[in-house]
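Chain A is already provided as a structure; the job is to place chain B on it using the hints.
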Amino acid sequence: MNTILAAILILGGIGILLAVLIYFVSEKFKVIEDPRYDQVEATLPAANCGGCGFPGCRGFAVACVESDSLDHLNCTVGGIETMEKVASILGKTAVAHTPTVAVVRCGGDCEHRPRMNEYDGVKHCFIAHNLYSGETGCSWGCLGFGDCELSCDFDAIKVNPITKIPEVDEEKCTSCGACVRACPKMLIEIRKKGPKSRRIYVNCRNKDKGNISRKSCNVSCIACNKCFKVCPHEAISIGDNLAFIHDDKCKLCRKCVEVCPTNAIVELNFPPRRKPVEAEGETLVTNK
Amino acid sequence: MKTFRIGGIHPKENKFSAGQRIKTVALPDRVVIPLAHYSGMPSRAVVKKGDFVKVGQLIGQADGYVSANVHSSVSGRVSKVDVQLDASGYKRPAVFIDVEGDEWLESIDLTTDIKRECHFTKEEILTKIQSAGIVGLGGATFPAHVKLAPPPGKKAEVLIINGVECEPFLTCDHQLMLEKGEEIMVGITILMKVLAVEKAVIGIENNKQDAVEYLRKIAKSYPGIRVVPLKVRYPQGGEKQLIDAILRRQVPSGKIPIEVGTVVMNVATTFAVYEAVQKGKPLMERVMTISGKEVQNPGNYLVRLGVYLSEVVNQAGGVPERTGKIIGGGPMMGRSLMNLDVPMAKGSAGIVFVPDRDSVRGQDRNCIRCAKCVTVCPMGLEPFLLMNQSEREMWDEMEQNRIMDCIECGSCSYTCPSNRPLLDYIRYGKTTVGFRIRSRKAAKV
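Residue numbers (my numbering), protein chains in the order written: chain A, 1 to 288; chain B, 289 to 733.
Calculated directly from the structure, the hints in this document are not laboratory data. Treat each hint with caution, since some may be false.
[To be verified] Footprint (simulated), chain A over chain B, 3 or more residues, beta carbon under 8 Å:
1. 377 to 391
2. 709 to 717
[Unchecked claim] The following residues of chain B were derived to be distant from chain A, with all beta-carbon distances above 12 Å:
3. I294
4. S363
5. S367
6. L373
7. A437
8. L466
9. V485
10. V601
11. A659
Even for Gly, the Cβ is constructed at its ideal location relative to N, Cα and C.
Just chain A, with the same shape it has in the complex (with noise of 0.2 Å):
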């Protein structure tokens, strides 16, 4: 009996005693955090995604109670309501800022690229990349492997087996930029989603002479300064044997895509042209 009370009091007695040290302890070292960064937190859509540039949701909400103003801050998973909900906590007005969106630049599919050797390796794009160019005659294009998609927390990604290409699921997309991490190739671009998703872009990597690109791959850029001469907006640049439309600049004039000799210039979720342009072409044709 006396053995049981014994340890009993022993371990009680040690138990209180460490309890008040710990309390004493924890009152010395207490980090006083602002109570805001969890109800930040709490608003934000937890996807960790790191597309708002701070490490994961808690980092972000770190960022938004710290800073001044929300003007360079957004959630690209949430979008403005998200941040409108953080700004209301904060006492601080949220900006809408341009969504955006992932994009792939490259055509090459199977149909304007042939295949010129059969890759049987471990089939991971970055392992691919370092052994060598790829399946086709271009070493700039997709190697259709799938890196970004293993990498996209949002299933938005998927490459399509038959053109062999990445499609990007504009719905799901958060432009959070972990499949352009993951690229090796470097395709993988985040570009304004523009008016009622509306986009032209240069569809091509290839930082090769026209000629030789043209030989390996129907729809790659050659560089011949036909966009650059036609684009009223002064949008677009060329450098590296390669045209670039800056999204800032970019009216969505198309004429671009029109001038294009390969079809590298991309339009997307345009309505379909008007007849007059049409008929105007084929008269030309005609008087000729």
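Relative to the frame of chain A, chain B by itself:
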């Protein structure tokens, strides 16, 4: 019989071209000499379109210390300085030359008699080796002058000459030893003079008995040179394995052979040193093996740099029917070529044609934890663990598990009963970890 102590495998030797005399490949109409085919910085072109070049003339100047000169292998007119697809499908700078005749530089001694005496000083020899653009011809193509100038405070005691040729199929070094034994011996004495060492050891695998006997016979008249036969075992030709086999010394992790007082040179490199120093001939041609199970006449060919591999193959009898893969280099370390229209580079030791029945990879299955890969790894690594970590992108853990020590010999993939793509993933990890280490160092500076 000596061999290295950790790991190793014994793949089927398949040395079909053994004993075939070295044949010279006829000059083509046009050569494309790559400027960037060795470790280190690519060299800078010093010729331009329309220039007439002679055989042995400098066309690419080394750019930096770890870089090597490139010389013209033919005489003719430079048609352009442009990019050319290399064996990996990426474009590298190259000089295109249209062949006109075969005019050599006057400074090159074209006589075939052997010049045994070398009166040059150590510095003169080093300059000659550097200006001749000699790189390690075993495969890694590391510039020889860098290897021969040990860092201050380090001193070589023994020179090891690598005549192992542990890759299946390849016989170019074997044939070179048989035909140019005397020249190689003189090359060794020159290298010994540069490194100021008294002893040199030639390591040759036991499946080349004729070479062992022949070199032993002539080594008697060269003091300090010894020939050591080695048990056949892959990857004995790796320099760390060879040092372990001959000297029983282990190169510490992340260090180079000079750390244990030795320098390793390939026999082909030694021959190139002889030619550069004694004959004034830069490195512009090398012996390569063309072989394969279904090749009609496998053989060893003396090929000038920049000749398209397709040209060489045509002269050797063309691509055999039912070829599944064409490998540049040996079947263990070499890489499949994506096409044959790539120029011959300093590191091309052979072309192996693999019939399609052998060229398919088996379906990979789960790891059964048999630890065969651990047993065969010559560097004492755990390939299965490194592969798993690479798949999960655990870079820090991989670094702790000494991924950078991997010599990419492929023994693990060869031996795996489940056909796991071990080397593919390990190489991926090694590249990434190497990149991380470099960027960390750069950030410190």
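Broken hints, by number: 6
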